[in-house]
Amino acid sequence: MLAKSWRVIAPVQKDRASASEEFIFSEITGGDISVALSYPATILPPKEFLLPPHEILFEYEGDAAKASDASKILIFGLSLEDLEGVFRLDQIFSRPVADEAYKKRRANTILVAIDRFSPPKHIPFDLYLMKVSEKQFVGYAGSHEGQKILKSSLFKNQTVRIPTVKKTSDPLLSDKDLLRAIEKSKKHKVWDELAETCFGCGICSYVCPLCYCFETHDEIDFGESENLCGKRCRTWDSCMLKHFAETTHHNFRPELRDRIYNWYFHKFVRMPREYGFPGCVDCNRCVIYCPAKINYRKVLEEVLADYKKLNRRKK
Amino acid sequence: MRTHNWIPRKAKIAERRSLTENIVGLRLKFTAGRPFSFHPGQFVMLSVLGFGEIPIGITTSPAEKGFFEVAVSSIGMVSQKICSLSVGDEVGVNGPFGNGFPLSKIKGKDVVLLAGGFGLAPLRSLIHLVQKDKKMFKSLKILSGARNPKFLLYRDEYKDWEKFAEVYLTVDEGDSTWKGCVGNITKLFDRINVDAGSVIIVCGPPPMFKPIINRYAGKRVAESDLLLLLERRMKCGIGKCQHCTCGKLYVCLDGPVFSYDQLKYNDEAFR
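Here the protein sequences line up with chains A and B, keeping their order.
Per the working numbering, the very first residue in the first sequence carries number 1; after that it's consecutive.
Per the working numbering, the very first residue in the second sequence carries number 1; after that it's consecutive.
Honestly, the hints are just simulated from the structure, not real lab data.
No false leads were mixed into what you were given.
What follows is a set of in silico ranges between Cβ atoms, one per label pair, in the way DEER data are often shown:
#1 A:THR197 to B:VAL87: 51 to 57 Å
#2 A:HIS217 to B:LYS134: 41 to 47 Å
#3 B:LYS107 to A:GLU196: 50 to 56 Å
No residue lacks a Cβ here, since even glycine has one placed at the ideal position from N, Cα and C.
All chains, please: the whole structure from these sequences, using the hints.
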């Protein structure tokens with residue numbers, strides 16, 4: 001029913017034949033695909049639809065350039081963490097200068113979240129489905145579009161007891177010393193140790209809901225037109241990659257150690273200063289997919305503990 | 001709220017001249033639309049469709065109406081393409097971006113410009129502004145160094161500049177025509193008097209910064225009055241792509257003009 005008005009994206013099992021335990025957000029086109037209502041974090045976060053891995057910023061033919069269209073999509077089944085990730089990405093791409101390409105996609109996106117927690121007060125959504133039992137969901141509309149879905153035949157009016165289930169904030173990520181600890185840790189041995197095990201592959205950036213660095217490049221279309229046709233595109237990048245800060249004559253961050261530090265610095269120092277929140281929603285994707293089994297929580301805990309120890313000694 | 005839609009404005013190359021064997025100066029005029037307003041020291045993202053977009057400093061002042069100029073060094077794929085264009089060809093322009101020089105802060109002061117090679121290009125926007133408003137600074141000294149005489153930018157303009165500024169030049173290696181100073185730009189320091197309370201503005205390769213900082217910062221010149229221009233890789237100009245970050249600063253938003261006290265404890269600034 002939803003697919004009539006939107007391209008519907010929902011979590012599905014990556015490979016049903018092999019009974020894979022991995023899930024992905026995928027476009028639902030036919031009736032044969034079973035949408036997961038309860039699933040572990042998908043491989044890629046929903047950012048892949050708002051800031052696609054390869055995106056056309058504008059197309060041109062001869063003299064005329066036009067911004068590319070964004071189709072109307074509905075992302076179904078976001079967890080509260082992924083919803084929070086989108087909410088933060090929205091703010092990043094609207095301040096201090098708004099990115100039109102992102103804004104356009106986002107304006108054409110409907111978010112339907114599902115989680116066991118009570119609906120969040122500070123995060124906007126179109127529809128929030130609170131799972132109250134195995135087969136029962138309580139729907140909350142957060143927008144006009146959400147209201148429309150809620151009023152459709154998909155939902156029944158019923159009286160149920162709704163518990164209040166609050167998501168507690170993560171004590172590590174909300175530790176008030178974390179920002180200072182990371183900021184002051186440039187010389188900490190942990191970055192040298194990480195550089196010994198990290199492959200510098202950038203997978204942690206790709207799977208992160210809040211890594212958004214990018215490259216741009218031009219593509220030329222060789223078609224029928226007599227005019228030069230092509231597009232300027234944006235693709236995902238990662239600050240972990242060696243050439244990330246390289247200009248034609250100098251690489252400003254050639255050492256892996258410094259690139260690793262910059263990754264943490266961005267998430268836990270630069271982003272909180274710029275936007276008031278860390279670049280992490282604790283979805284654990286970077287831990288699951290890191291080929292070197294690096295766990296950012298252990299890194300943060302070590303740096304934070306050493307910072308606190310040093311501060312105690314100073315007092 | 002400022003927005004960025006990525007589609008560049010079209011500008012025509014009105015004039016083109018070789019500044020050195022691999023640096024080209026272009027005068028650009030927008031083909032349509034609103035007048036272009038910018039601060040000296042800002043930069044644009046310059047592009048050629050099918051090739052890509054690169055950050056390039058503006059080299060003329062806002063007092064010059066109807067056009068602006070840039071200097072492009074032919075080293076990467078996009079810059080090589082831009083340098084190969086002819087008068088009448090079109091380029092794309094996004095921007096202006098960045099903070100530019102803090103004019104209200106430096107007005108009425110003794111100003112010393114220190115340029116290393118290509119670094120003279122963005123400083124020229126300030127020189128051209130003074131050319132129109134000669135009372136803008138109490139005094140202006142221009143110190144410019146290059147690898148050899150052929151790499152000195154805007155040589156045909158120095159005579160005009162000498163009407164309102166003291167111009168000092170040096171080259172690492174002289175040739176048969178060169179009668180001026182030979183040696184590093186630090187050699188020129190001994191020839192000038194930097195009065196207390198002066199403002200020094202530096203643009204050039206990063207190794208140039210240290211001797212200047214050591215000699216002047218917090219001594220004859222306040223740390224907040226020593227201004228340094230940084231150059232980084234950039235893909236957006238709006239503080240998103242992350243390529244130009246230096247610790248907590250963005251060169252595209254907070255810079256490219258920084259005061260030394262802003263960068264003093266920033267490990268990533270002086271690489």
